[in-house]
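Engineer: This is what each chain is made of:
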Amino acid sequence: MSQMNMVQAINDALRLEMQRDPRVVILGEDVGKVGGVFRVTAGLFDEFGDDRVIDTPLSEGGIIGAAVGMALYGMVPVPEIQFSDFIFPAYDQIVSELAKYRYRSGGEYPCNMVIRTPVGGGIRGGHYHSQHPESLFIHVAGLKVVCPSNPYDAKGLLLASIRDPDPVLFFEPKRIYRAAKGDVPEGDYTVPLSQAAISREGSDVTVLTYGAMLYECLDAAERVAEQGVQAEVIDLRTLWPVDIDTIVASVKKTGRLVVVHEAPKTGGFAGELISLVCEKAFYHLQAAPVRVTGFDTPFPYTLEMEYLPLSHRIVPALLGVMKG
Amino acid sequence: MLREDGTLAPEYDPQLSTDEVLRIYRQMVQTRIIDERLVTLQRQGRIGFHIGSLGEEAAIIGSAYAMREEDWLFPCYREFGAALLRGLPLQRYIDNMFGNANDPVKGRQMPDHYTCREAHWGSVSSPIGTQMTQAVGFAWAAKIEKKQLATLVYFGDGSTSSNEFHNAMNFAGVFRTPCVFFCRNNGWAISVPVERQTASQTFAEKGIAYGVPGVRVDGNDLFAVVGVTRRAAERCLAGEGPTLIEALTYRMGGHSTSDDPNRYRAADEVKPWVERDPIERVRRYLELAGAWDGDREEALREAVDQEFREAVKLAESTPAPELSTLFDDVYRDLPWHLAEQRQELLAGPRAPKAH
Ligand SMILES: Cc1ncc(C[n+]2csc(CCOP(=O)(O)OP(=O)(O)O)c2C)c(N)n1
Ligand SMILES: [Mg+2]
Chain D
1 MSQMNMVQAI
11 NDALRLEMQR
21 DPRVVILGED
31 VGKVGGVFRV
41 TAGLFDEFGD
51 DRVIDTPLSE
61 GGIIGAAVGM
71 ALYGMVPVPE
81 IQFSDFIFPA
91 YDQIVSELAK
101 YRYRSGGEYP
111 CNMVIRTPVG
121 GGIRGGHYHS
131 QHPESLFIHV
141 AGLKVVCPSN
151 PYDAKGLLLA
161 SIRDPDPVLF
171 FEPKRIYRAA
181 KGDVPEGDYT
191 VPLSQAAISR
201 EGSDVTVLTY
211 GAMLYECLDA
221 AERVAEQGVQ
231 AEVIDLRTLW
241 PVDIDTIVAS
251 VKKTGRLVVV
261 HEAPKTGGFA
271 GELISLVCEK
281 AFYHLQAAPV
291 RVTGFDTPFP
301 YTLEMEYLPL
311 SHRIVPALLG
321 VMKG
Chain L
1 MLREDGTLAP
11 EYDPQLSTDE
21 VLRIYRQMVQ
31 TRIIDERLVT
41 LQRQGRIGFH
51 IGSLGEEAAI
61 IGSAYAMREE
71 DWLFPCYREF
81 GAALLRGLPL
91 QRYIDNMFGN
101 ANDPVKGRQM
111 PDHYTCREAH
121 WGSVSSPIGT
131 QMTQAVGFAW
141 AAKIEKKQLA
151 TLVYFGDGST
161 SSNEFHNAMN
171 FAGVFRTPCV
181 FFCRNNGWAI
191 SVPVERQTAS
201 QTFAEKGIAY
211 GVPGVRVDGN
221 DLFAVVGVTR
231 RAAERCLAGE
241 GPTLIEALTY
251 RMGGHSTSDD
261 PNRYRAADEV
271 KPWVERDPIE
281 RVRRYLELAG
291 AWDGDREEAL
301 REAVDQEFRE
311 AVKLAESTPA
321 PELSTLFDDV
331 YRDLPWHLAE
341 QRQELLAGPR
351 APKAH
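Chains D and L, in that order, are what the protein sequence lines are.
The first sequence begins at 1 in this note's numbering and counts up by one.
The second sequence begins at 1 in this note's numbering and counts up by one.
Because the hints were derived from the structure by calculation, they are not lab data.
Hints are not guaranteed to be accurate.
Covered stretches of chain L (in silico footprint by chain D; criterion: 3 or more residues with CB under 8 Å from a CB of chain D, positions within the stretch not fixed) [what the hints assert, rightly or not]:
{"no.": "1", "segment": "109-116"}
{"no.": "2", "segment": "153-167"}
{"no.": "3", "segment": "179-193"}
{"no.": "4", "segment": "196-206"}
{"no.": "5", "segment": "252-264"}
{"no.": "6", "segment": "268-280"}
{"no.": "7", "segment": "339-350"}
For lysine-lysine, the following BS3-like pairs were computed, each having C-alpha atoms within a straight-line distance of at most 30 Å [stated by the list, open to error]:
{"no.": "8", "chain 1": "D", "residue 1": "LYS181", "chain 2": "L", "residue 2": "LYS353"}
{"no.": "9", "chain 1": "L", "residue 1": "LYS271", "chain 2": "D", "residue 2": "LYS33"}
{"no.": "10", "chain 1": "D", "residue 1": "LYS265", "chain 2": "L", "residue 2": "LYS353"}
Note that CB positions come from ideal geometry on N, CA and C, so glycine has one too.
Model the full structure from these sequences, guided by the hints.
Structural biologist: Right, dumping it as structure tokens:
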């Protein structure tokens, strides 16, 4: 065990897997010599060389398209998109190609690859360095979507994602890249995909969240506990395919549901989660489920802390759903 | 064209009067000083970010100077000096750096992401390359309406790798749109050197395949930049279509305040470019012409500093934008769901200030 932050844990996972599996290659902008603008790939260029840690021309479409080709060949590319806000020039390759290859080729051409990309706000990044676009990918059949909240999960989920036979979008919450620290085992282990974690047990209300907002939910749960409300906070970890059993079991226990995410409300993942709960546990609900999310505006700069669904907005939602 | 000793090679002289050179020179100096001051403000935690133009002042300001007032410019993100030259008020720029209530975009964007329609200046956006195709469309629209307008678009060497570069060049070539593609080849895209962007010998030659004439110019030579950009703009107005200009310059600083270039380039790589400093070159020229001296330099620096200090003082004492502005301008009219969300925000508790 050693203490690591998220950046170090992800770096550790990449190094381990590159040592173990010669098919794994990293490609992206500034991932080589400088080790990534967030230093996530630091040291890998020196260890594995330019053939496996590749600084590419500035083109996300080029990066993902080429990575798809490498995957078709049988390599396991782990491209980095510098900020998830810049993934859209590659959206065509991801949506039209990567997600559909297995299906449209009857399984002849699976694409084993992981797209790593930082997400989220709270770092004074404005519109284009803050977005949380997971629902645009969850909506696309054929993609898996992961978003870890701590170093242990980050390493274990990344190793599981790289070994998963299907394409994975691996969203790294950059606000907690360095702030989230914890014990991480040395060597190999995985955290299985599609398994949520119960971060805090409680009997009164279920809170579903992921990424950086986990800490806001935990903070809010402590605050409402002072008023006698016990919130159960579930860190989804894998967003799609989501761990439906853990969610349904929790809601059956608590009868109440609050979903928290940074992304805008409309068309966001919270809507999907609430629909699923309504389909599977409607008669256990004692109050209408509530969403606490980013607003339906572009991500702001100066007012970003007012935009984010931080603890101060989660507390009233938890208390409100208890009255419902 | 402008020799390193400050004399001009006569055959390409764009015939700038001394007053014109003085005006551009002042803008170059102001830009450099503001760059330095903004970096300091960022280091002090008073602004969040700055992306500067150290070493690229001749390319940026010379090209903007070559365009007429009625022409239009689409920025990348490193050209605030050109925007100031075109009439972006300094206070407005500094308000953007602080994202305060006076910032016309109401603190919604990061620093250095400003807009100024009255200066015929577009709106800075982070995603690389997007402005190129937009500039083509803008120029094309003017052509369809038979307006005598040229449109210039700025982008970096790295941006030539984007999807949009291809789209923009191709559309411009096919439809002979009156636009000037101004590529600031500053050697780097963050940590990635130009050799990783292209296997071509030059960026200018990329025009050939699109049927767009390409020119490479010493981007640290103010006179050459003005001359070549003017020629490209004239071609636009004469209905001769687009031109690709590659201005060979150098990013003497980090990519932005978030970047430490020592991680990927040796300090002595910068040295030859210090000798080619575009501002020094113009100053030597003006001194030779008897139009500049140490006293005037000092007075200029003091005036720039003073104006900057006052703008910062005002910007810093201006409050953050009103909460409700978060929901303005998403659409022209506020739809029901945003009205609801605005109400929810205004009635709810305030966020902690901490960052
Ligand atoms: C689509 C997209 N991908 C990545 C980035 C991150 N990024 C910002 S600037 C930059 C390098 C740009 O280099 P260049 O075009 O040469 O312009 P310069 O910064 O040198 O002026 C990168 C990779 C971005 N802003 N947009
Ligand atoms: Mg560049």
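Engineer: Of all the hints numbered above, which does this structure not satisfy? Sort the numbers upward.
Structural biologist: 6
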